[in-house]
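A.B. asks: Residue numbers (my numbering), protein chains in the order written: chain A, 232 to 358; chain B, 156 to 346.
Treat the hints as calculated values from the structure; they're not laboratory data.
You may find that some hints are simply not true.
[Claimed, not checked] Calculated lysine-lysine pairs in the DSSO-like style (CA-CA distance at most 30 Å, straight line):
#: 1; chain 1: A; residue 1: Lys311; chain 2: B; residue 2: Lys317
#: 2; chain 1: A; residue 1: Lys311; chain 2: B; residue 2: Lys289
#: 3; chain 1: B; residue 1: Lys317; chain 2: B; residue 2: Lys176
#: 4; chain 1: A; residue 1: Lys311; chain 2: B; residue 2: Lys206
#: 5; chain 1: A; residue 1: Lys293; chain 2: B; residue 2: Lys176
#: 6; chain 1: B; residue 1: Lys317; chain 2: A; residue 2: Lys293
#: 7; chain 1: A; residue 1: Lys293; chain 2: B; residue 2: Lys285
#: 8; chain 1: B; residue 1: Lys194; chain 2: A; residue 2: Lys236
#: 9; chain 1: A; residue 1: Lys236; chain 2: B; residue 2: Lys252
#: 10; chain 1: A; residue 1: Lys293; chain 2: B; residue 2: Lys293
#: 11; chain 1: A; residue 1: Lys320; chain 2: B; residue 2: Lys194
#: 12; chain 1: A; residue 1: Lys311; chain 2: B; residue 2: Lys293
#: 13; chain 1: A; residue 1: Lys287; chain 2: B; residue 2: Lys285
#: 14; chain 1: B; residue 1: Lys293; chain 2: B; residue 2: Lys317
#: 15; chain 1: A; residue 1: Lys311; chain 2: B; residue 2: Lys285
#: 16; chain 1: B; residue 1: Lys176; chain 2: A; residue 2: Lys311
Because the structure is a prediction, the values reported are computed rather than measured.
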Amino acid sequence: METIKIMGTDDTPTVILDADNDIFEISGRSLPEDVTAFYEPILNWLDDYANSPNAKTVFIFKLVYFNTASSKLLLDILMKLEQMHEDGKEVLIRWFYPEDDEDMQEAGEEYADIVDIPFEQVSYTLT
Amino acid sequence: MDKKNVKGFLEFVYDFYKSMKAHEITLVYEGEITHQITKAFTSLTESNMAKEEESNSVQKKVFHVMVECLQNISKHADSFGSDDFLFAGRGIFMVSKGEIEYHVTTGNVIENSKIDELTKILDHINTLDKDGLKELYKTQMREGRLSEKGGAGLGFIDIARKTGRKLEYHFLPIDEETHFFILTSTISRNE
Chain A
232 METIKIMGTD DTPTVILDAD NDIFEISGRS LPEDVTAFYE PILNWLDDYA
282 NSPNAKTVFI FKLVYFNTAS SKLLLDILMK LEQMHEDGKE VLIRWFYPED
332 DEDMQEAGEE YADIVDIPFE QVSYTLT
Chain B
156 MDKKNVKGFL EFVYDFYKSM KAHEITLVYE GEITHQITKA FTSLTESNMA
206 KEEESNSVQK KVFHVMVECL QNISKHADSF GSDDFLFAGR GIFMVSKGEI
256 EYHVTTGNVI ENSKIDELTK ILDHINTLDK DGLKELYKTQ MREGRLSEKG
306 GAGLGFIDIA RKTGRKLEYH FLPIDEETHF FILTSTISRN E
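This is chain A alone, in the form it adopts within the complex (with noise of 0.2 Å):
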């Protein structure tokens, strides 16, 4: 499978989805100016990543802001794990949050709440 690499702005994230190094992860800040062109390559990927998955994909959500239209999207993407999960596939969302960051850990927590996959919530102080 190919690898997506794109690295993060001020106002996109970092996006790393290497199979091969069982690298899943979207961090940063996540107000792009054009939501669907810029998640839509990643919604696509994971798309094809469905048809074969690795034994276990643990995917890093690691933001520290993103807009309501973005909010959306990660969403998209979470659904998509959601059925992988259904499927039978192994799979683990850990959800990084600024420790102080209140906000961060409830819009973790809303996401654990719509969706069905196993949900990892965890606390990191920003350096």
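Given chain A, put chain B in place with the hints provided.
C.D. replies: Leaving out everything else, chain B in the frame of chain A:
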């Protein structure tokens, strides 16, 4: 400009300056809201808040509210067909900072035919408490479709959640077809 006009203009500039000071306005803009403008305004306000050592949580709230307000204008203000070049596709955006709170205010022209629907959405949000807003946000995220311009109908809910206050809005009549829609969001500086 002839002499009289120059004097009138200078007085206007000074009055405008005084008026901004009186209302503690730190940022004001009128025109088209683009992504570049959104980025410039949020990063300017961010660095000002950091300089003034505003708490992280206040900074984040102001940032959230600014982004959603700016995107509301950029996604909705241009969707009406007024011939009036003064209003078409534009809006006013203001940030003011007082002793105890920040205000983020937007104003844009709206067609009369859209007022009912918008009022319904805003009033519904205003009936909800914290948990109600959370549920509405989740429902909207799950069931809402992204519009062509990338709006997900989540902005107003997010503003209500982040500020912890009712949405404060007004419609001022412009002419027979349009009103001026003003939304003021308040973020408290002491947690």
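A.B. asks: Need the status of pair A:Lys287, B:Lys285: alpha-carbon distance at most 30 Å?
C.D. replies: Distance of about 37 Å is beyond 30 Å: violated.
A.B. asks: Compare the distance between the alpha carbons of A:Lys311 and B:Lys285 with 30 Å, and conclude whether the hinted pair is satisfied.
C.D. replies: Given pair A:Lys311, B:Lys285 holds - Cα atoms ~29 Å apart, limit 30 Å.
A.B. asks: CA of B:Lys194 to CA of A:Lys236, is that 30 Å or under?
C.D. replies: 23 Å, holds
A.B. asks: Run the distance test for B:Lys317 versus A:Lys293: straight-line Cα separation, threshold 30 Å.
C.D. replies: 20 Å, holds
A.B. asks: What's the verdict on B:Lys317 and B:Lys176, does the C-alpha distance respect the 30 Å limit or exceed it?
C.D. replies: Distance of about 27 Å is within 30 Å: holds.
A.B. asks: Sort out whether B:Lys317 lies within 30 Å of B:Lys293, counting only the CA atoms.
C.D. replies: 15 Å, holds
A.B. asks: Hinted pair, alpha-carbon criterion (30 Å max): A:Lys293, B:Lys293. Please report holds or violated.
C.D. replies: Holds. A:Lys293 to B:Lys293 sits at ~20 Å (cutoff 30 Å).
A.B. asks: Would you check the hint for A:Lys320 and B:Lys194, treating anything up to 30 Å between C-alpha atoms as holding?
C.D. replies: 40 Å, violated
A.B. asks: Has the given pair, A:Lys293 with B:Lys285, been kept, meaning a C-alpha gap of at most 30 Å?
C.D. replies: Roughly 25 Å separates the two Cα atoms, so the pair holds.
A.B. asks: Is the hinted pair A:Lys293 and B:Lys176 satisfied, with a Cα-Cα distance of at most 30 Å?
C.D. replies: 40 Å, violated
A.B. asks: Please work out if A:Lys311 and B:Lys293 have their alpha carbons no farther apart than 30 Å.
C.D. replies: 17 Å, holds
A.B. asks: Taking only the CA atoms, is the gap from B:Lys176 to A:Lys311 under or equal to 30 Å?
C.D. replies: Not satisfied, since the Cα-Cα distance of roughly 51 Å exceeds 30 Å.
When each numbered hint is compared with the structure, violations occur for hints 4, 5, 9, 11, 13 and 16.
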